[in-house]
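Dock chain B against chain A, hints included.
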Amino acid sequence: MEENQFLALISANQGIIYKICQLYRDTNVDREDLFQEIVFQLWRSIDRFRGDAKPSTFIYRIALNTAITAFKKEKRAIVSYTDQLPEIAMEAEQTALVQRKESLFAAIRKLEEADRALIALWLDELSYREIGEIIGISENNVAVRISRIKNRIKTTLTT
Amino acid sequence: MKNLWASQPIEKKSKDVLAEMLKVKSHPVLKKIKIQLLLEMTAWLILLAVYYTMFDGEKRPWFINFVFMLGLLQAIAYNLSGYLAAKNLVQGDNLFNSFTNYLKQLKKFRSSAIGSRLLLMIGLILFFSYGLEMNSRRIIAILSISSIFTLQLWILYQQWTKRIKKLEVISKNFGDG
Numbered sequence: 001m002e003e004n005q006f007l008a009l010i011s012a013n014q015g016i017i018y019k020i021c022q023l024y025r026d027t028n029v030d031r032e033d034l035f036q037e038i039v040f041q042l043w044r045s046i047d048r049f050r051g052d053a054k055p056s057t058f059i060y061r062i063a064l065n066t067a068i069t070a071f072k073k074e075k076r077a078i079v080s081y082t083d084q085l086p087e088i089a090m091e092a093e094q095t096a097l098v099q100r101k102e103s104l105f106a107a108i109r110k111l112e113e114a115d116r117a118l119i120a121l122w123l124d125e126l127s128y129r130e131i132g133e134i135i136g137i138s139e140n141n142v143a144v145r146i147s148r149i150k151n152r153i154k155t156t157l158t159t
Numbered sequence: 160m161k162n163l164w165a166s167q168p169i170e171k172k173s174k175d176v177l178a179e180m181l182k183v184k185s186h187p188v189l190k191k192i193k194i195q196l197l198l199e200m201t202a203w204l205i206l207l208a209v210y211y212t213m214f215d216g217e218k219r220p221w222f223i224n225f226v227f228m229l230g231l232l233q234a235i236a237y238n239l240s241g242y243l244a245a246k247n248l249v250q251g252d253n254l255f256n257s258f259t260n261y262l263k264q265l266k267k268f269r270s271s272a273i274g275s276r277l278l279l280m281i282g283l284i285l286f287f288s289y290g291l292e293m294n295s296r297r298i299i300a301i302l303s304i305s306s307i308f309t310l311q312l313w314i315l316y317q318q319w320t321k322r323i324k325k326l327e328v329i330s331k332n333f334g335d336g
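Line order of the protein sequences matches chains A and B.
Per my numbering, the very first residue in the first sequence carries number 1; after that it's consecutive.
Per my numbering, the very first residue in the second sequence carries number 160; after that it's consecutive.
Here chain A stands alone, though its shape is the one from the complex:
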């Protein structure tokens, strides 16, 4: 695949990489490093993409593989700053939505690496068959595990 074609493919699917970085790293610097590592590994692996699966399935597989195996710096004390000033006029509804999103991501980050991969794929509407192919387990196994993970997230969100 030509570099231009590859860049167009990544550009169109960069949301997948972005979300995986959010799930597997705790700071913005680490997320940026991981994003770059994933793009680099995709470029190195692109010749193995045979086209019999969807490009997004291929991107998920390489991105998750890289997120888990890439060297991860030791955890530092995390000080998080928001890049926006709180606006008093911000709609209460919008604030609630942002909080719910943050809670969901926080609950997913508490899961084991393997479970995080499974739930991310399910949340992005991949079928059990596709998830099974990416992970390397049967469809039945996927269904059972997704059900368990969903329950675990619900418990975390309600406690």
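Treat the hints as calculated values from the structure; they're not laboratory data.
Nothing here was measured: the structure is a model prediction, and the numbers come from that model.
Check the hints yourself; a few may be wrong.
Claimed, not checked - Listed below are the simulated BS3-like cross-link pairs for lysine-lysine, each with C-alpha atoms no more than 27 Å apart in a straight line:
1) 110/A x 331/B
2) 321/B x 246/B
3) 161/B x 101/A
Unchecked claim - Now the in silico label distances, taken between C-beta atoms and shown as ranges:
4) 27/A x 179/B: 15 to 23 Å
5) 96/A x 309/B: 57 to 65 Å
6) 175/B x 26/A: 23 to 31 Å
7) 110/A x 314/B: 29 to 37 Å
8) 8/A x 212/B: 56 to 64 Å
9) 281/B x 102/A: 54 to 62 Å
10) 179/B x 26/A: 23 to 31 Å
As the list claims (entries may be wrong) - Listed next, the stretches of chain B that the computed footprint assigns to chain A, with coverage defined by at least 3 CB atoms under 8 Å from CB atoms of chain A:
11) 185 to 194
12) 239 to 250
13) 253 to 266
14) 324 to 332
Quick reminder that beta carbons are idealized off the backbone N, C-alpha and C, glycines included.
Same frame as chain A, now just chain B:
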């Protein structure tokens, strides 16, 4: 849950920024490994070039020279192979297979990392201590240097083992029903 997930805003990167990410020189980890590798290799190559005349290589028997050279050359080869391996994190057509293969590779690397460092240390100690008239001060010095080397080996082994164990747990979680 799916609605919340889908509504997460994405910070889009331009194609120019993405193109820059394909280069080793802007890679966060490989760039550092490459610099370290070049520095180490240059040091070993300079030592190889001058040791025979500057450090009296010609006055030592051939097997001492052989072990010394072998130690340095294999250290260079090992560094290169480590750099190439760091470039390839994806080792299979699904995550479970990829982790299984990657773990096998890491275990081989742990053994070869220890073996390589050990051979280098033996070569250096043998070369620089050969022919010295031994007295208690020199023996203590050689033993101290050997102890530091051994400690280094132990730390290296622990670092590899920690990483392998962590990946073993993840790999098991992927495969478990």
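Any hints this thing doesn't respect? Which numbers, in order? The structure breaks none of the hints.
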